[in-house]
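> So the sequence shown is numbered by my numbering: it starts at 6 and just counts up by one.
Since the hints were made in silico from the structure, they are not lab data.
No more than 20 Å apart at the CA atoms, straight line, and that leaves these computed lysine to aspartate or glutamate pairs for EDC-like:
#	residue 1	residue 2
1	K526	D489
2	K318	D362
3	K452	E408
4	K216	E190
Here are the in silico distance ranges between beta carbons for each label pair:
#	residue 1	residue 2	range
5	H399	V205	20 to 26 Å
6	Q357	G100	41 to 47 Å
7	L24	E96	29 to 35 Å
8	R300	K219	30 to 36 Å
9	G100	S189	20 to 26 Å
10	R249	S351	19 to 25 Å
11	E96	S404	37 to 43 Å
12	S210	K150	17 to 23 Å
13	W433	D335	14 to 20 Å
14	N153	W433	35 to 41 Å
15	R359	M398	42 to 48 Å
16	D202	K511	47 to 53 Å
17	R249	V19	57 to 63 Å
18	E272	E96	51 to 57 Å
For each residue, glycine too, the CB sits at the ideal point set by N, CA and C.
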Amino acid sequence: MASTTTTAGHVRIVTAPGLYVKFTTPCITESRISGFTADVTQELVLQEIIRYSQTPIYRGTLDGMPVVVKIALNYDIGRLRKESRNYFAMEDLQGTVVPRCYNYAIGSIPIEGKTQSNIIGCLILEDWGKSVEDFFCLKLEDRMKILNGLLAMHLRGFNHNDFEEKHVVGGSQGYRITGLYHISENHRCPWDSERDDWNVGEYCSEDFPCKGLKNAGVRMNIWRKDVGHIVASQVRITVAQGLRVDFTTPCISKSRASGLTPDLTQELVIQDEIRVGEYFSSGYYKVDPRPDVYRGTLDGTPVVVKIVFASDKARLKLREEMNNYFALEDLQGTVIPRCYHYVIGSTPIKGQTRPSDIECLILEDCGKAVEHFPSLKLKDRMEILNKLLTIHMHGLNHSDFAERNVVRGPHGHRIIDLELMSKHQCPWERNIVCKDRDEYFPCPDLKRAANTMRIWREADSHIKVFIMFVGDDLELLPPREIMDCLIPSGIGCTSNNMEVMKRWLKEFKKEMDDTPDCNVKELVLKYQSNPPHIPVICSDKKVVFKKYIPKSSKSDLNRIIENQEKENGDN
Numbered sequence: 006m007a008s009t010t011t012t013a014g015h016v017r018i019v020t021a022p023g024l025y026v027k028f029t030t031p032c033i034t035e036s037r038i039s040g041f042t043a044d045v046t047q048e049l050v051l052q053e054i055i056r057y058s059q060t061p062i063y064r065g066t067l068d069g070m071p072v073v074v075k076i077a078l079n080y081d082i083g084r085l086r087k088e089s090r091n092y093f094a095m096e097d098l099q100g101t102v103v104p105r106c107y108n109y110a111i112g113s114i115p116i117e118g119k120t121q122s123n124i125i126g127c128l129i130l131e132d133w134g135k136s137v138e139d140f141f142c143l144k145l146e147d148r149m150k151i152l153n154g155l156l157a158m159h160l161r162g163f164n165h166n167d168f169e170e171k172h173v174v175g176g177s178q179g180y181r182i183t184g185l186y187h188i189s190e191n192h193r194c195p196w197d198s199e200r201d202d203w204n205v206g207e208y209c210s211e212d213f214p215c216k217g218l219k220n221a222g223v224r225m226n227i228w229r230k231d232v233g234h235i236v237a238s239q240v241r242i243t244v245a246q247g248l249r250v251d252f253t254t255p256c257i258s259k260s261r262a263s264g265l266t267p268d269l270t271q272e273l274v275i276q277d278e279i280r281v282g283e284y285f286s287s288g289y290y291k292v293d294p295r296p297d298v299y300r301g302t303l304d305g306t307p308v309v310v311k312i313v314f315a316s317d318k319a320r321l322k323l324r325e326e327m328n329n330y331f332a333l334e335d336l337q338g339t340v341i342p343r344c345y346h347y348v349i350g351s352t353p354i355k356g357q358t359r360p361s362d363i364e365c366l367i368l369e370d371c372g373k374a375v376e377h378f379p380s381l382k383l384k385d386r387m388e389i390l391n392k393l394l395t396i397h398m399h400g401l402n403h404s405d406f407a408e409r410n411v412v413r414g415p416h417g418h419r420i421i422d423l424e425l426m427s428k429h430q431c432p433w434e435r436n437i438v439c440k441d442r443d444e445y446f447p448c449p450d451l452k453r454a455a456n457t458m459r460i461w462r463e464a465d466s467h468i469k470v471f472i473m474f475v476g477d478d479l480e481l482l483p484p485r486e487i488m489d490c491l492i493p494s495g496i497g498c499t500s501n502n503m504e505v506m507k508r509w510l511k512e513f514k515k516e517m518d519d520t521p522d523c524n525v526k527e528l529v530l531k532y533q534s535n536p537p538h539i540p541v542i543c544s545d546k547k548v549v550f551k552k553y554i555p556k557s558s559k560s561d562l563n564r565i566i567e568n569q570e571k572e573n574g575d576n
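Build the full structure now, drawing on both the sequences and the hints.
Right under this line is the structure:
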């Protein structure tokens, strides 16, 4: 053990007055660590809960020494056992990179409302303080110490698969990495200390040797962002004449970006408000203020500015959005707007006696929000859906997809408002195979987005959906109403079928384009009478083509029906 304290053979768990737990105390647990002192019992006092989770985390004392305790019951003990093993495997890093592990003990206790006893496990760790709120607030030297701690883990064969703020604790005395349940072993890190360099404040090399370390460095803003523009050290905020805001301008805000240009100040002119004074809500209750959003210019470049003031939660949400922009850096300018800057300053607020902190996220202005998805062309809706898929392939889900979060400008559509994004392992694969039209769509989040945009109807076969989704440019395929008639029911949704049908649809489109005055109805009948060989047919269904009705015929038919209904009503 790395700990210098005695490892007791037994730990007696009690709770401080007023703290409620779901198990009966006091209770006795036995150590599962080799080398414990059998006749010693230590007293563990749980004083407050830090985090409610699958394995709740408490702060307390072990014989008067401050500790953090993870408690697990019954089937959840497996998670705790795995985490304890990872601490012991990293024994030489305890007290420097990860907290010291004082004990891991198991016992049997009665559970409130149940007749049989249950198993309880507790992992007792060194208390290193609270989790980091935001890497953005840490000094660069502290972020580098954390990154070097991760490197030390990597060089011993351990990779942290869930590195984020909640798994880094500490403060002025240093930082420690926690959450070791998320460790994978046998990591062969390609980092070479003699060859490789962090290049702090410079651009991150494209051939950076280790993906895990690179992702952690990006998360902590170690490197300069390849944004294609100068990053100033300061931004001076002013307001256009006639626009009223609740804070005093001009005010100076300072950049927190890595790789900024010293002694350079840019001018941010706020010109028009987009959204001001709104709140995040939970049911009927207003919870936290949302950022105020304005349109303006940064040294003459059109931008959108998101501003927050003193609210801690609002600041953290805005910083999380900034982190999401950095995580999707290679999608900026194509899928999401470019992120130009994140700056922090102080300004007097009208009606308040003391100045308030002000933080601004400055983004590319990519146009106005879409008004109504179904009014967009199918090609545009498919473009948006493929942008969502691209985000999914980068491990994130938007979580708030709606018209207000899709904007359109001269360069196409962009997805905005990344503040609520969540981690996502997308089940979508481009070579996915569905056996029939009733097979579920692989990603429920993409399916919901597609339904929101009315991309396909419930009656559509999945092969039609996949041809539209993963096919080539939709311009190479026939219009939707013709595809409805050329893709028959009863065929399996396999990759081979998709390739066959795509080639056939392209042939139809080419023949239709080459003979502009052709009779489309006759051309559809011609292709339906001579379909390609379809490799996989669903055993319980017939291959049936839908009858083609030209748009004009449909409108005539609808008009006849309406007239008949009107005549019947008059009679």
